[in-house]
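Student: Residues per chain are reported as follows:
There are 2 protein chains.
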Amino acid sequence: MSKNILYIAMSLDGMIAKEDHSLDWLLKAEGEGDNGYNDFYSGISSIVMGNRTYQEVLKMTNEKPYQDRPVYVLSRTEQGDGYANFTSESVDTLLSSLQEKHGGPVWVVGGGEVIKACMDSDSIDEYYIAVISCVLGEGIPLFPKGTKCTELKLVDTEVYNQIVMLHYVKKQAE
Amino acid sequence: MSKNILYIAMSLDGMIAKEDHSLDWLLKAEGEGDNGYNDFYSGISSIVMGNRTYQEVLKMTNEKPYQDRPVYVLSRTEQGDGYANFTSESVDTLLSSLQEKHGGPVWVVGGGEVIKACMDSDSIDEYYIAVISCVLGEGIPLFPKGTKCTELKLVDTEVYNQIVMLHYVKKQAE
Numbered sequence: 138m139s140k141n142i143l144y145i146a147m148s149l150d151g152m153i154a155k156e157d158h159s160l161d162w163l164l165k166a167e168g169e170g171d172n173g174y175n176d177f178y179s180g181i182s183s184i185v186m187g188n189r190t191y192q193e194v195l196k197m198t199n200e201k202p203y204q205d206r207p208v209y210v211l212s213r214t215e216q217g218d219g220y221a222n223f224t225s226e227s228v229d230t231l232l233s234s235l236q237e238k239h240g241g242p243v244w245v246v247g248g249g250e251v252i253k254a255c256m257d258s259d260s261i262d263e264y265y266i267a268v269i270s271c272v273l274g275e276g277i278p279l280f281p282k283g284t285k286c287t288e289l290k291l292v293d294t295e296v297y298n299q300i301v302m303l304h305y306v307k308k309q310a311e
Numbered sequence: 138m139s140k141n142i143l144y145i146a147m148s149l150d151g152m153i154a155k156e157d158h159s160l161d162w163l164l165k166a167e168g169e170g171d172n173g174y175n176d177f178y179s180g181i182s183s184i185v186m187g188n189r190t191y192q193e194v195l196k197m198t199n200e201k202p203y204q205d206r207p208v209y210v211l212s213r214t215e216q217g218d219g220y221a222n223f224t225s226e227s228v229d230t231l232l233s234s235l236q237e238k239h240g241g242p243v244w245v246v247g248g249g250e251v252i253k254a255c256m257d258s259d260s261i262d263e264y265y266i267a268v269i270s271c272v273l274g275e276g277i278p279l280f281p282k283g284t285k286c287t288e289l290k291l292v293d294t295e296v297y298n299q300i301v302m303l304h305y306v307k308k309q310a311e
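Protein sequences appear in the order of chains A and B.
When the letters of the first sequence are read in order and numbered with the working numbering, they come out as residues 138 to 311.
When the letters of the second sequence are read in order and numbered with the working numbering, they come out as residues 138 to 311.
Among these hints, one or two may not hold up.
If several chains are the same, the list does not tell them apart, and a pair holds so long as it fits within one copy or across any two.
Straight-line Cα separation of at most 27 angstroms, DSSO-like style, residue types lysine-lysine; simulated pairs [claimed, not checked]: (1) Lys155 to Lys140; (2) Lys308 to Lys290; (3) Lys201 to Lys308; (4) Lys308 to Lys165; (5) Lys307 to Lys196; (6) Lys285 to Lys201; (7) Lys238 to Lys282; (8) Lys196 to Lys290.
Source of the hints: derived by calculation from the structure; they are not laboratory data.
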C-alpha cells in the first residue's frame, strides 16, 4: 500500500532547527554510515515540503535537491522555479493525488507547519524520527503547539551510533 | 561514583504533562512489566523534586510517596509537611550535599524548572528518558525554552512494548 511518510531528525527536546534555522547540531551528529537514508530514499516515489524548508534545502547544496524524484513544494504565493512543482493545494488532497500519480510512498520532508497540517488531517501513515543526542533549548519544533493530539504505534527502533531512529505507524482506531 | 540521575517520561513532542497537569496519556501507555522501574529505583539513595511535582505526586497516591528513600523538595516558600525535607537551597549545592550524606545516586524526578536549573549547572550525570508513543501538541515541556544547549552521549536504548527508554550520560569535554 502506498503511504505518506514523515522522515526527519529532531533534537531530544523536539526541535528540527535552531531559532536561526541553523542545522550545525544535526550536521555534527555522530551517526553510522548513512543512518539508513539510502534504504529509505530508494523506496519513496515523490517528495513534499513547505516552501521555507525548500529554500533552506536549496542553500545547503549547489545542485537541485532530490533530482531523481518529483519534488512538490507547498506555497500559497510562489509560482515555481522551473524545477520543483509549486502548489497551493491543501496538503491532504495533494498527498492523495501523488499516491495516484506516482504510485508509491510520499516523503513528507517538513517543516513544522506542513507536518501540523498533515497531522490535522491524519495524513501521515508512518513516522521515522531520528533523535539526535542533544538538547537545544530553543528552536523550531517538529510538532508545533496546537498539533493534533495523536497516538502512534511503535514498530521498530534502530540505533546508528549517537542517533536513535524511532519508527512509528498511525494507530488504527480500535 | 555517585551521580545525579534524571529518570522521567515524555511524549514524543517532549511534554511531561498536559497543560492541565494531567498524565492520562502516560498512565495508558502500553509498557512491559514495570518498564525497568524497580531495577532503577533499587539503585538510588535519595530523591529530589520541585514542590509542584511533589504536590502532583501526592495527589496520585493515598500513601506518602517513596517511603523507603529520603525525599527532598525544592521550594522557596514551603516549610515542610513532616514527611519530605523541604529546602530552598540551590539545586546544585543540594545535589552535592546529598551525594555526601546518602552516598549513592540521586534521582531528580522533575519538573521542568528543576531540570532546567540542574542543566544550567551541569548537574545531571545520567538521563533515562522514556519516550511515550504519542504527540500531545500542548503541555509542560521536559526541557523548557531557554534550557542550556547540551550535548549528550547515548549509551543504551531499551524498548518496553510501546515505550522507548533512551539512556544518555553527560558528554565529557573533549
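Student: Each hint needs a verdict: does it hold in this structure or not?
Tutor: Comparing the hints with the structure gives:
no.	hint	in the structure
1	Lys155 to Lys140	neither (29 angstroms within a copy, 30 angstroms between copies)
2	Lys308 to Lys290	within (5 angstroms within a copy, 31 angstroms between copies)
3	Lys201 to Lys308	neither (35 angstroms within a copy, 37 angstroms between copies)
4	Lys308 to Lys165	between (33 angstroms within a copy, 14 angstroms between copies)
5	Lys307 to Lys196	neither (32 angstroms within a copy, 33 angstroms between copies)
6	Lys285 to Lys201	neither (33 angstroms within a copy, 36 angstroms between copies)
7	Lys238 to Lys282	neither (33 angstroms within a copy, 42 angstroms between copies)
8	Lys196 to Lys290	neither (35 angstroms within a copy, 30 angstroms between copies)
Checked against the numbered hints above, the structure breaks hints 1, 3, 5, 6, 7 and 8 and satisfies the rest.
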